[in-house]
Amino acid sequence: MFNAQYFRTFITLVETGSFTHTARRLDMTQPGVSQHIRKLEQYLDKPLLNRQGRRFALTETGRRAYDYAVKLFAEHEHFRHSLDDDSLHAGDCRIASPGSVGLMFYPFILGYQQMHPGLTVSYSFAFNHDIVKDVLTGRYDLGIVTELTNQPDLEHEPWHQEPLCLVVPADFAGTTLNDLMALGFMNYSSGINHASQLLRANFPGEFRTMNQFPKQGYTNEVAMVLDAVARGLGFTVISRLVLETSPWQRQVKELALPQHVYETLYIVTRAGAEMPRRYTQLLEDFREQRRNTLYGLSEEPEFDA
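Residue numbers (full-length UniProt numbering): 1 to 305.
Quick caveat, the hints were computed from the structure, so don't treat them as lab data. Because the structure is a prediction, the values reported are computed rather than measured. Every residue, glycine too, gets a C-beta built ideally from N, C-alpha and C. Hints may contain errors.
As the list claims (entries may be wrong) - Derived DSSO-like pairs: lysine-lysine, alpha-carbon spacing no greater than 30 Å straight-line: (1) Lys-253 - Lys-215; (2) Lys-71 - Lys-39; (3) Lys-46 - Lys-71.
What the hints assert, rightly or not - For each label pair, taking beta carbons as the anchor points, the in silico distance ranges come out as: (4) Thr-219 - Phe-2: 47 to 57 Å; (5) Arg-24 - Leu-72: 16 to 26 Å; (6) Asn-193 - Pro-301: 17 to 27 Å; (7) Glu-157 - Ser-34: 51 to 61 Å.
Kindly generate the complete structure, drawing on both the sequences and the hints.
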């Protein structure tokens, strides 16, 4: 019969290299340790140890049994922690977000996991509509989206706001809307919407629609759009998250504008679902770090209605 304690005793024996030390660590007698090993050998129907007086060496079966036992107990601990909704830093998290968020949030998560080894995170970079679908089907417990959806089975909650940035090539000398028209626009999945909001707020008497601007190209990967801007092919409007994580940030520059416009990020979950505390803690820790970077001690913007 399978007995997990026999495997636990075997692991301790291999790690200490001594029946005496194993007995002390597990608060057993030495004959009790020997009995556990014999019972495990009987269960597996193969010898685990080559005994040489008080010393021993693992057989091939013994090496394989040790590797299996270590994995077995590691999976057990992982499973146990995953059931603990009250744990702040242990268990599974399944999260999806657009690339514009994940470029900074995912590296933060990796550092977070290094500090909290009991936490495991599965992270997906996806478009808004795929995130909504995956949260609905249960593939992910929580999504971060940039747009609201009319889906009654989902709940949306404003989470964080990121400034939108008008980004031009580093050698661009213009300042007017006509200068931007002459340069042309580099588009991506949310580019038209973001550019419309920012330009309308800052050029209210001149801006009408994005149809005023020559379209210089399109990519569905927001992280790559600054490559085109760095090459002088056009301007774009992106979240500051993207600008700060871009390898091309020194080949481009943000054009200063008087009116700030923000992209609101929403947390989306299944309606009625209660998120374990580890999700809340992870999201809050990242948001606080990001707010301190963006606003310091100054007052952050209110969420748009």
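**Report entry** List of violated hint numbers, smallest to largest
**Finding:** none
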